[in-house]
Amino acid sequence: MNPFTYARPDSVDSALDELKAQPNARLIGGGTNLIDLMKENIEHPTRLVDVNRLPLGGISELPDGGLRLGATVTNAETAYNALVTARYPLLSETILAGASPQLRNMATNGGNLFQRTRCYYFYDTAMPCNKREPGSGCAAIGGYNRIHAILGTEGSENQPTACIATYPSDMAVALAALEAVVQVTGSNGERSIAFADFHRLPGNEPWRDNTLEPGEIVTSIDLPAKGFNQHHTYLKLRDRASYAFALVSVAVGLEMEGNSVTDARIALGGVAHKPWRKPEAEQLLIGREATPDNFRLVAENLLAGAKGYGHNTFKIDLAKRAIIRALGEAMRSKV
Amino acid sequence: MIAETRSKPAGRSPLQTAAPAKPLPGVEPGSVTLTVNGQAKTIQIAPWTTLLDALREYMNLTGTKKGCDHGQCGACTVLVDGKRINACLTLAVMHDDHAITTIEGLASPDGGLHPVQQAFIDHDAFQCGYCTPGQICSAVGMLHEGHAKNKADVREGMSGNICRCGAYPHIVDAVLEVINKAEKQP
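Going down the list, the sequences are from chains A and B.
Counting from 1, position 62 in the first sequence corresponds to residue 62 in UniProt numbering; the numbering is continuous, with no gaps.
Counting from 1, position 100 in the second sequence corresponds to residue 100 in UniProt numbering; the numbering is continuous, with no gaps.
Hints are computed from structural coordinates only; laboratory data are not their basis.
Please note: incorrect hints may appear among the correct ones.
Label-pair distances were calculated between CB atoms; the ranges are [claimed, not checked]:
1. A/Ala82 with B/Ala182: 19 to 25 Å
2. A/Leu62 with B/Ala152: 34 to 40 Å
3. B/Cys165 with A/Asp263: 46 to 52 Å
4. B/Cys165 with A/Ala126: 54 to 60 Å
5. B/Asp122 with A/Arg321: 43 to 49 Å
6. A/Thr313 with B/Thr62: 46 to 52 Å
7. B/Glu104 with A/Ser14: 36 to 42 Å
8. A/Thr313 with B/Lys41: 51 to 57 Å
What the simulated footprint calls covered on chain B by chain A, stretch by stretch (three residues with Cβ under 8 Å from a Cβ of chain A suffice, anywhere in the stretch; the number is not a length) [unchecked claim]:
9. 35-49
10. 89-96
Every value quoted in this text rests on a predicted model; they were computed, and no experiment measured them.
C-beta: ideal position from N, C-alpha, C; glycine also.
Working from the sequences, and respecting the hints, build out all of it.
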């Protein structure tokens with residue numbers, strides 16, 4: 001690990017000052033990813049600003065019927081919180097599908113959003129990686145890419161595909177389905193970022209994972225009132241039964257009247273640089289019967305334009321089947 | 001990887017061993033007081049010292065093991081305010097206000113073993129023993145959490161602890177026995 005200095009401010013304003021004073025400062029919550037990346041010589045901040053004494057804890061009800069998840073609340077506390085399990089069981093189930101109990105006890109809600117990809121080439125400093133070292137190339141394209149992205153990897157006319165990394169978080173897949181809102185604060189004040197706009201596709205700047213501006217701090221993740229607590233599922237397909245990242249995952253929330261779908265949310269993990277959602281595909285289901293044929297239409301639409309890179313091409317079929325299965329499970333589930 | 005048998009370079013203190021080749025100007029080791037197993041101790045460490053290294057290299061508490069050092073194996077599991085965490089992925093300086101419990105602190109002061117320790121012996125829940133302190137601390141943390149009720153829960157709840165000898169069936173039996181005994185108590 002490189003040398004750094006450490007600060008533990010107790011107000012958001014002083015944390016913002018810290019970030020302003022040292023552009024190479026990084027926030028640390030649980031540290032479960034950041035410290036690992038520092039040991040691997042991928043990240044080398046010169047100052048760490050510990051957020052654990054900022055007044056950003058707690059889970060509280062919002063006036064609009066939603067729920068505010070404090071940025072410094074741990075993933076474990078969130079998953080087992082009574083309000084979350086009753087009203088947003090999809091989120092609870094999704095968090096518990098990720099990492100290990102030890103890591104969930106450390107990792108914070110804010111920090112979860114800033115996990116970096118687990119692409120092997122991103123972690124291997126001997127290999128080119130446009131995300132780690134802009135302009136150096138992508139070793140995953142044409143390399144071992146079994147865990148890599150199949151959606152949203154297109155380059156432009158002048159710029160070939162720059163990065164096929166996936167975003168690793170499970171929690172974020174549920175937050176995408178639930179249309180969470182990320183509250184941030186910076187020296188220019190506060191702003192709200194819709195979850196769909198928080199993470200980004202690699203495009204020509206694969207080193208940018210999200211749309212946060214330098215010096216901004218996530219203060220909370222807000223859940224809208226609609227929690228899909230009757231019909232929901234998180235289906236995570238991985239190489240072992242527990243403690244592994246998703247090859248493909250599907251978060252589903254449905255609202256139903258009889259066998260008719262009145263609202264639908266579907267988000268995919270493990271397939272793209274961000275949780276993958278396509279409202280157009282969800283529309284195919286709304287107002288229709290929940291039947292395997294209709295689920296198949298949705299799956300085909302969600303995977304339209306998917307591109308395999310060799311080892312990961314199996315994910316295209318796997319994702320379609322996972323969507324159909326997850327929609328069936330969500331249809332039947334009723335807590 | 002296995003630090004237990006590695007000898008330290010002669011004539012260098014742990015502090016020097018851990019110091020970077022080029023110290024950052026203005027970054028000197030500082031005093032950090034950690035409360036481990038009920039005892040507060042002040043050590044001089046740099047900010048980049050992990051809790052795991054602080055325990056092993058500066059406090060002589062080598063019961064907590066360094067396995068992968070990347071949060072993948074669970075050998076470094078300790079309890080912080082009763083909650084199990086990976087000591088390798090956190091900085092010691094972040095824990096000056098917490099109560100830390102390691103494998104050395106689980107037995108009662110008179111030497112009586114913690115029920116999980118006794119169950120591991122009774123069920124022969126280890127082979128080489130390197131992962132065992134982490135397994136036991138993790139199991140104790142899981143009991144505090146109170147969500148594990150059956151075999152499937154234990155297997156899932158202990159998935160953050162790898163045993164390369166493959167002693168899993170006995171580990172699960174040992175932990176289940178403690179859960180079942182606790183449930184029978186009034």
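Each hint, compared with the structure:
Checking the proposed 19 to 25 Å range against A/Ala82 and B/Ala182 shows it holds: the Cβ atoms sit about 23 Å from each other. For A/Leu62 and B/Ala152, the Cβ-Cβ distance of about 36 Å falls inside the hinted range of 34 to 40 Å, so the restraint holds. Distance hint check: the CB atoms of B/Cys165 and A/Asp263 are about 50 Å apart, consistent with the given range 46 to 52 Å. Checked against the hint of 54 to 60 Å, the pair B/Cys165 and A/Ala126 fails, with Cβ atoms roughly 32 Å apart.
Distance hint for B/Asp122 and A/Arg321: a CB-CB separation of about 45 Å, consistent with the stated range 43 to 49 Å. Range check, A/Thr313 to B/Thr62: Cβ separation about 48 Å, and the 46 to 52 Å hint holds. Evaluation of the 36 to 42 Å hint for B/Glu104 and A/Ser14 yields a pass: the beta carbon distance comes to about 37 Å. Remark: the range hint 51 to 57 Å for A/Thr313 to B/Lys41 is upheld by a beta-carbon distance near 56 Å.
For a cut-off of 8 Å, the count of residues in the stretch 35-49 of chain B with a CB near a CB of chain A stands at 3, and the three-residue condition holds. Counting residues of the stretch 89-96 of chain B whose beta carbon lies closer than 8 Å to any beta carbon of chain A gives 5, which reaches the threshold of three, so the coverage claim holds.
Checked against the numbered hints listed earlier, the structure breaks hint 4 alone; every other hint is satisfied.
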